[in-house]
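**Q** These are the residues of each chain, in order.
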Amino acid sequence: MSIGWADIGAGALRAALLFALGGIVAAAFAARYRDVRGLRSARWCALVAFALVVLADAAMIGALVTHDFRLAYVAGNNARETPLFYSVISLWAALEGSILLWTLVLAGATTFVAWRGTRALPRLATTALGILFAMLAFFLLLVTTPAADPFVASPFVPENGRGPNPLLQNNPLMALHPPLLYLGYVLFSVPFAYAIASLILGEGGDRWLVATRRYALVSWALLGSGIVAGAWWSYAVLGWGGYWAWDPVENAAIMPWLTATAYLHSVMVEEKRRLLRTWNLALVIATFALTILGTFLTRSGIVNSVHAFSLSAIGPLLLGYLVAILVVSCGLMLWRSRELADGGSLGAPLSREAIFLFQNVLFVAATVTVLLGTLYPLIAEALGGVQLSIGAPYFDRVQVPIGLALLFLMGVGPQLPWHGASRATLERQFAAPALAAAAGAALALGSGMRGAAPVLTYALAAFVAATVVQEVVRGVRARRVLHGEPAAHALAALFRRSGRRYGGYVVHLGIALIAVAIAASQAGAVEVERTLSPGGAMQVGQHEIRLDALSEVQEPQRRRVIADLWVAGPGGETRLSPSFAFYPNATQPVGSPGISAGPADDVYAILAAYDARGKAWATIRVRVIPLVSWLWVGGLVIGVGAVIAALPPPRRREVHLPAIAAEAAAGAE
Amino acid sequence: MTTPNVAASRRFTLTGRTANLLVIAVLVGLIVVLALGFRRDPRDIRTAVVGKEAPAFRLERLEGTGTVALEELRGKVVVVNFFASWCVPCREEHPALVRAWERYRTSDVVLVGILFQDSVESGRDFVRRLGGTWPTVVDDRGRTALGFGVFGPPETFFIGRDGVIEGRHIGPIDEDTLVRGIETLRRKPS
Amino acid sequence: MRRSRATGSDGRGAQGIGERRLVALAALALAIAIGFIAVQSLAGSAVYYLTPTEAKERGLAAGQTARLGGQVEAGTLRYEPTTRDLRFVIGDGVSRVLVIGTGAPPGLLREGAGAVVEGAFAADGVFRATQVIAKHDEVYEAPPPGATPSRR
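Residue numbers (this note's numbering), protein chains in the order written: chain P, 1 to 669; chain R, 1001 to 1190; chain F, 2001 to 2152.
If you are wondering where the hints come from, they were derived from the structure by calculation, not from laboratory data. All C-beta atoms, glycine included, are put in the ideal place defined by N, C-alpha and C. Warning: the hint list may mix true and false statements.
[Unchecked claim] Taking lysine to any residue pairs in the SDA-like style, the calculated list, with each CA pair at most 20 Å apart, reads:
#	chain 1	residue 1	chain 2	residue 2
1	R	LYS1052	F	ALA2074
2	P	LYS615	F	ARG2084
3	R	LYS1076	R	LEU1030
[Said to hold, decoys possible] Chain R is nowhere near these chain F residues, computed Cβ spacing over 12 Å in every case:
#	residue
4	LEU2022
5	ILE2037
6	SER2041
7	VAL2072
8	ALA2074
9	THR2076
10	THR2082
11	GLY2091
12	ALA2122
13	ALA2123
14	THR2130
Given the sequences, and given the hints that come with them, work out the whole structure.
**A** Listed below in structure tokens is the structure:
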């Protein structure tokens, strides 16, 4: 084979860069002169660039799968023994590959906007397209400079590669969590591009916002699922019994998610009341800047982290990109500040828009405090030359009250009308939810929860759930009265016709579920650590754990020491086998927990230490963690809610004529 | 992020301009802090092995012909080089090691290569292809590398006649640096 | 900085000036309260990273949480499986500190290797570790179980 994977990949990326640059020119031409030829060229530039980046990614996967150690990336992240599945996902196991994946997603988004987004609003869309091309060109530039070129040839061909990081070939969740995060990160480029385009064109209106609402929602949902999947991975693989450690990489993912959540809500204020225009622009810019900041933090190696990639020349380039984004965005906002003036003002404190404002303040405050905690070690070192770290207590102490307040507002907001509420409205809306909150608190106390935060969480989650149920019940009842539909039809119609609203409620339910799962698993976890001899047993909560054997197994690619545990509890009996794995190419043993998941609690067993010589004893750490499985279920519920909210309502015209539409729908079903 | 401040401050008529300046100052400060972050190496948590006695090791030779122990080399200047066959810079620095070894092999200087996180077969193949007759050994599950606080290959340590680590070089080394390090140690009275 | 954000959405309409001000003030109060909690917690949660020598020079007060980084001195590491009593000496070439902890040592904790322990000095000058983090610096490697940098 005279032409290798490296030639294909590197060639494709360089060609794609040319098309991205061509796309900038074409899109600018189309936007400036409203020229269809420009738009057509831009579309083809996008499609060709996308195809070339797909080719480059495919070439990298081909090189990984065929173990082509002529590539430095393959030599460093793959070995002959690596199974096919893990060879493929090694694409995002290290810096260069993950930037390649990022470029792929960005090229895809650009192509989608070029072909689908430019049907309506050509001027705004073509300008935005030009900005997307510019961002794509930056990333293509990145992957064609030595700093992050994934196709750099190895100066010699080693017999065998180093293999992927043992932690990454330990669990299939690794296949899921980084791509979800990247999709979420990158898709937010689209609202950002539209926002900047709107500023460049000096449009005071909210057309950019309407055009990108769905992108923002999908990006938010993907980012959220990526975060939950990451928490799950951390729980199932890292073996410390938790799922969230306020690690810089986790913080980098949660910060844009927080601002995006704020944005999804404040958008409604702009749509309904023509308020908060500047604020919404700022939130979009902040969210996008935070995705870049997060990438920078985790890829530049300037903060210590579980996931931090190696120190690399890519850091300064990403920092430069971040500076460019901030300068352009802030400059444009200052320049266009006159066009951004709001038409009215916020009214009563007990109106929906006021709740949205408080909610936004809380979300932004959460973001700023997380950012502060993440960067404080850097600030302290820059100012005082001391090395310190900010532990989880800081984040817990600040974020828990914010979270509780947000939970409260989540229940209150949807129940308040725009412009303000009367006393009668308040009583009508909050009587049942208040009762539910009391019941939630009683449930928490009854199940042994102590401390203000968990009890409040239960109460507020019940409050939120009750408001959602009340809304749905009222909606169904209204439809039944108006259109005489049966309850099931009315419910389905509600979700199909007002997907955005009721999908949002489903998301709220998911958040309430997650809040309860967090409160229960944090406050109610019991941990016991014992040294057992084979045959010895220990009691943790209602579970009995017995060490049956401690064995050593030699596998082709690793050696494993496995503790064979028998676990009995209210849910029945099961066996767990927490282990240590020793890989020949890695210094560190990799521990894997044994997890028995259940609806009431998880039994999480870790082999903490063992007798290496005689296998006569093993120290076993067992955590019984209540309700933690509901965290992943809550993530799923949020995903379902987001899908409901993102689906377009069936034929727009029918919405204006509800009676006829309902009849038509009833007849069709 | 602090960007929303720009938006916010526009509306705050009393202090509009001041607030803008404040926001820009905060953003600039953020960037400066991030940029300053490049000065530090996040992986450097002061392991500070230089100036301390080198961790003892006795390791199997790559070719399976006995062992090499650090304590048996007392009284000589020892250069310990961590390498791996999958490591590209290791290959780059290899000719420099070969030349330095040719220069000092008959003197009181010993070069010891330690294979780092690699299989023995790949290591043998590496040495066979690239040459090099100095003793090379296989690390015992990375224990020695751990003791030396190796970040990643290649890394080179200069150990004096008294067994104390006098210098450390991270990344590929060139012949000049090798010679300078060795000469400094040879001249140093022990 | 947080103050200006809170007022970000106050408008200048004609109606409801009092109410509007109320909303803005409430938002402002919210932001200030969070800022206050954040600054308070930040000071309390900063864990200084020190070498044994620095810890001695600073005269770290008994009970004050800190992280000690150094090397586990050869021949000092003891783990008693039945009581899960863990003790070792951590040193930086100049000073040595006896560390006592409870619980199994992380898989990577070995004599001669670098380690970071979090805890506080007791009155007797012994460092009581609440958490032991064996450390090994390597390109893109995650820590082993029990060594997540900021685990709770």
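**Q** Please go over all the hints and tell whether each is borne out by the structure.
**A** Now for the hints, and whether the structure bears them out:
1. R:LYS1052 / F:ALA2074: Distance of about 13 Å is within 20 Å: holds.
2. P:LYS615 / F:ARG2084: This hinted pair holds, its Cα atoms lying about 16 Å apart.
3. R:LYS1076 / R:LEU1030: 51 Å, violated
4. LEU2022: 17 Å, holds
5. ILE2037: 19 Å, holds
6. SER2041: 20 Å, holds
7. VAL2072: Incorrect as stated: the minimum Cβ-Cβ distance to chain R is 10 Å, not above 12 Å.
8. ALA2074: Contrary to the label, ALA2074 of chain F does not stay out of reach of chain R, its closest Cβ about 8 Å off (not over 12 Å).
9. THR2076: Non-interface label on THR2076 of chain F holds, nearest chain R Cβ at 14 Å vs cutoff 12 Å.
10. THR2082: 27 Å, holds
11. GLY2091: 9 Å, violated
12. ALA2122: 24 Å, holds
13. ALA2123: At about 27 Å from chain R, ALA2123 of chain F clears the 12 Å cut-off, so the statement holds.
14. THR2130: 18 Å, holds
Of the hints listed earlier, those the structure fails to meet are numbers 3, 7, 8, 11, in rising order.
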